[in-house]
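*Asks:* Residue strings, one per chain:
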Amino acid sequence: MKMKKVLSILLASAVMVSALTGCGSDKKESAADSNTIKLGVFLPLTGDNAAGGELELRGIKLANKLHPEVLGKKVELVVADNKSDKAEAASVAARLIEKDKVVTLLGSYGSSLAMAAGNIVKESKVPAIGTSCTNPQVTANNDYYFRACFIDPFQGTVMANYAYNKGARKVAIVQEVSNDYSVGLAKFFKEAFVKLTGDKDAIIDIANYQTGDKDFTAVLTNLKAKNPDAVFAPGNFTESALLIKQARQLGIEAPFMGGDTWETQEFIDVGGKEVEGAVMSTAFDREKASTEEAQKFLKAYTDEYKSEPSALTAMAYDSYLIAIDAIKRANSTDPQKIRDAIAKTKDLEAVTGKTTLDENGDAIKAAVIKEVKNGKFKYLDFVDVK
Amino acid sequence: MDKKRNMLLTAVCVVVLFGAACFAQFELDSYIRRIINLCLIYAIIGLSMNLTNGFAGQFSLGQAGFMAVGAYVVGIFTVPVELRENVFYAVPMNPLIADIEMPLWLALLVGGLLSALIAFLIGTPVLRLRGDYLAIATLGFSEIIRIIITNAQSFTNGALGIKDIPALNDVRYIYIATAVTFLFITALINSSYGRAFKAIREDEIAAEAMGINLFRHKCLAFMLSAFFAGIGGGLYGALLGTVDPKNFLFTLTYNFLLIIVLGGMGSITGSMLGAVIVTAGLEFLRIFDEPMALFGMDIPLFRPGFRMVIFSILLMVCVLFWRKGIMGTSEFTWDKFITFCKNPVKYCLGKGAK
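Taken in order, these protein sequences are the chains called A and B. Sequence positions in the first sequence follow this note's numbering and run 1 to 386. Sequence positions in the second sequence follow this note's numbering and run 1001 to 1354.
Some clues are possibly wrong.
Said to hold, decoys possible - Label pairs and their computed distance ranges (CB to CB):
#1 Pro1291(B) to Gly72(A): 42 to 50 angstroms
#2 Glu1027(B) to Ser332(A): 26 to 34 angstroms
#3 Gly212(A) to Leu1129(B): 22 to 30 angstroms
#4 Arg169(A) to Ser1154(B): 25 to 33 angstroms
#5 Lys226(A) to Pro1125(B): 33 to 41 angstroms
#6 Glu1027(B) to Gln265(A): 46 to 54 angstroms
#7 Pro1291(B) to Gly212(A): 32 to 40 angstroms
Said to hold, decoys possible - Quick look at which bits of chain A chain B covers, simulated, 3 or more residues with Cβ under 8 angstroms:
#8 90–104
#9 183–190
Derived from the structure by calculation, the hints contain no laboratory data. Just so you know, even glycine gets a beta-carbon here, dropped at the ideal spot from N, CA and C.
Looking at chain B on its own, in the form it has when it is part of the complex (with noise of 0.2 angstroms):
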């Protein structure tokens, strides 16, 4: 009965945000659009990295690399045919794939696969590392992926970068891929696969002996967060309308870090709530940026990069008193929110109790 409740609750809430979305795409102005966007994109990659960094619990620093991977074949094959002379003008398109055109859609798709498969080829040697050894060897690989783009000059224009991705702005579109993602890694992780990573997180060795196969499921764990992790790429191409190979260096991958360890590493709308956060709070922020006079007179510390130092002082708050991130490994259920609807007081008290 409850679960019946709770899935029509979750179909409802997917639907009233898609409406929500549309009202977004029509009545907002493009920034707050903008926003919104980067929220979901990051939602995605956050949930991506969550899955074998929370959940599957390999500490892997690749993101970044998968992303890149993602977003290339968005940009590649995406630019209208027509245009890439401009782009390519130092050294032509190779021919292989100059005619070659996609829809969106389809490049994503391709970039999140593609990804996947050169998580199997990774993960195949290198999971076989546990904790540091792993973290650094996943590093290496994203950095080996951003310099073979840097070098592969004919197919991805180099540092140059690539132009001209047709543009896209669309809350509807970024919703739907977000809720997609968000609908099946929820479903993944109340699997037996997602019970299967939570066991291997927390014991590799008495995983092993409950007979669940180690390699595979890391891999399906790995492959699966780099397939996401493509897609999310490819989004963040298509938002930006243009990559480079400067957009994924291994920095990138600890802006996701930050958003899956805020949120709570092992959350799903941990890392939803983190990614908005981490976003839209940065901005929310930038009021510390803007030049502040107080009684008449300027106070020298508002100006531009002081944000970033009050961001800092929140997220070290953050973590002293969340140590496991705002959500910890718990999830935001239909129960607990109707039980907290019902009587706020009682149950604020109650937890305080516990």
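Okay, chain A solo, but in the shape it has when bound (with noise of 0.2 angstroms):
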């Protein structure tokens, strides 16, 4: 009894406490209000999307360490972790707009926390820059919301053409149904190469699996069968790399193309020797970086975390320039304006390529596609957009 009453003291005192240093920082905060521009960043920092979440934030931090001030203020960061959960990248955004007043929101990755956030631009007028989600949902009927990705019908567009100039006529799809991702891409792709090829059975076989699944003998049996060019298999980096590992053990010789998931270490590390010569789309390379601020990026990251920038660090990075041009065009902080100025971003110098938002709020930029030769992702080609 004893023991609870002091247990229960305690506690009070801590609430207590921390609700006294809450009532501290946001004095602190309002004084530093007039000379500061704020920024929300939400990710997922936590939960299942966290790996995600961590390297985007990288670049976000990378840009504002590099461009700290527009319109002669500093700019704050205001990073909150929405925990890969839908209720809280909404309740996380509404925080962020209205108790931090912050000018323009910066995330999300994973498309359907920034759908979830959508509603809570929309409503509260301010502007928010996804770095990936690429489910065209996400911007669709938002003029609130952008993002500095491209979406997954240009991406599946991309590998089609690809497939189709490289000689394929029969192609399978591979696709994990309950990633939106994977869906969206293989849709998207099957549209486009029905298009190139003329050929309503061109798609000769569309296949699926679910996340987590680890034996894919059924599936592979089925599409030995018909004997395809090539497989497009849009999805996880770890199924991806199990589900090729057992075709090749199976004796499935066709090239396997996937989208810009693939391209992590552990897709060489799970697959192997036999992920050898797999092609993917991505949207950043480093011989491909012909801007300035690429260069600028690439040297500033290999300092910091000595390692290779991913595309999605580098999409982070982006999405953080579009804001800063955005406001310093605007010459202004009222997120109205800052939105519209958003909205007529062209021809940024960003580290992906020149960016230009097309009407919609999506990002025109080239792609690339790599392939994995040695271990290492490799240079192939470079598809710019029409």
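Build the complex: two chains, separate frames, hints provided.
*Replies:* Written out as structure tokens, the structure is:
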């Protein structure tokens, strides 16, 4: 009983102290308000998508370090974790807007998280720039959501063109049916490829698997019988690597193609020598890093983290650049004016190439095609937008 | 006399809280409103889960599946018809349902009823199981529901999810739904059905010997629980404005299990309290996620994710010292409240002496 009392007193005092410190920091913020511009960053820093969120946070922090000021004011990042959870993503976006009074939101990794924040940015009329949310629905019917990455339809189309140009005429698709990214890419690949070949039956098979599956023998045996020229299998890197590995063991020799999620070291670690020759589209490669900004980014990143930056980091960096550029052009910190300026973003020198936003708020930018060679991602081709 | 007074007090309380909800709706910013709404919705689902788990004593873990049913009915039928082509951009919506549009309240009801129907179908074979086996079976069924939703692309848009559900961030609306749920479940628990549920929880054989139809009562509790979970799920979908199958992974169920265990299995007010503590508490702990400087030095611990550590520690403390949850199986009653108000010191000491 006594223990209980002591404990409740302790808990109560802990709550009091934290409440007090909460108030304290509030005061500090309002005092500094006039000299800083606040950008809200909401990313999944814990939970399922934490790895992606962390890579993107690096990009944004790095951009903030290299471009710390705009309009003569300091840019302050307010970082918040959305726990890879939709309800959290919505409340955290509302928190950044209402409590921290950010002028623009950056984020998030994961389209469903960005969609959950969509209504909030629309209601409060504060613009948001997505880092790597590729689902077309994120910006559709929402004037306040933009993004720095290309969308699923574009990536699917790029790979369809690549497959066609390499001489493939009959292609099979294996999609991760519980992953919106995979389903989206597969759908647009199919449309583009059927159009290119003019053959209604150019896609000879569409097979499904679930996130977390480990054994793909059933799917692959079926696939082998159909003997496709190539297989398009966008999806998570772990499942995809296992899929390719098992396909090779079953004697399927058709080349495998995928999307930008494959571009991680884990893909090669899991897949080993079987994933050699796998082809994927992505947004960024250092060999094609043509802009001055990209050189700055590469140097700063290697200095800071002693490793190669991923496309996710580059895209997050770009989302920050888009925001800063818009604030500069709007010459104001009024969210509505910033939104209008973001919508007019044109030929912005960003890390992943010159960036222009189309009427939906999606970035139009070139794609890079890479191949796994000797356990490394090698630059293969460059696809510009028409 | 006392009963009349208590009912009057409850009625006054409900009305006063409605006034508070109106105040919140007009005076508070959308962030606070969102947190209040989330608390209320989680309270509905917590209550629904407590009905089977706490009162009828059947360890069911299917709540995420029933929520998914409710949320998807709201998602499919409340999106304006003209926006559907945009949402269903991969596979066009099935013509059977493409032109049906419902107001939110109707979609909520349909979602609840559909959940209850599914609960009936699942419950008929599964409720013969007990304890852990029932938990596994219901967990499996909730996953089945989710996988069906993922694959029925022309109805649910599969993994791509549904967007553009008309947004509902109205405290009054959600408050009314919560109040109705609360009053209904309180009335149910205090009726002969409620006593039968508790009898089943304590000892099934004894309950059956007393003439309680075990299967009927279990099924009723399970269906009502699914009905309210469906309503709660629908409100959850409407609050977020978007649904996708990954929302309803089985881990979502544990969220509500946490709420009812923390609040007290078998306590209605406990579930309400648990929902508020877990939801608002986690938001409150966000101060631990923000960088903090002490004497000009940044404390490295204060980084995103740290609040989850604090939260886990608090939970462990709670479980260690309040083994049956904060409320146990007891309820907040006006009688106790009045005794407490008359003499708080005596009340606490009296309780301590027990």
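*Asks:* If a hint holds in the structure, say so; if it doesn't, say that too.
*Replies:* So, going through the hints one by one against the coordinates:
1. The hinted range of 42 to 50 angstroms is not satisfied by Pro1291(B) and Gly72(A), whose Cβ atoms lie roughly 24 angstroms apart.
2. In this structure the supplied range 26 to 34 angstroms holds for Glu1027(B) paired with Ser332(A), their Cβ-Cβ distance being about 29 angstroms.
3. In this structure the supplied range 22 to 30 angstroms holds for Gly212(A) paired with Leu1129(B), their Cβ-Cβ distance being about 26 angstroms.
4. The given range of 25 to 33 angstroms is respected by Arg169(A) and Ser1154(B), whose C-beta atoms sit roughly 29 angstroms from each other.
5. Checking the proposed 33 to 41 angstroms range against Lys226(A) and Pro1125(B) shows it holds: the Cβ atoms sit about 39 angstroms from each other.
6. Between Glu1027(B) and Gln265(A), the C-beta spacing of about 51 angstroms keeps the proposed range 46 to 54 angstroms intact.
7. Taking 32 to 40 angstroms as the suggested C-beta distance range, the pair Pro1291(B) and Gly212(A) conforms, at roughly 35 angstroms.
8. With 7 residues having a Cβ less than 8 angstroms from any Cβ of chain B, the stretch 90–104 of chain A passes the three-residue criterion, so the hint holds.
9. Remark: the stretch 183–190 of chain A is confirmed as covered by chain B, as 3 of its residues place a Cβ nearer than 8 angstroms to a Cβ of that chain, reaching the required three.
In the structure shown, a violation is registered for the earlier hint numbered 1 alone.
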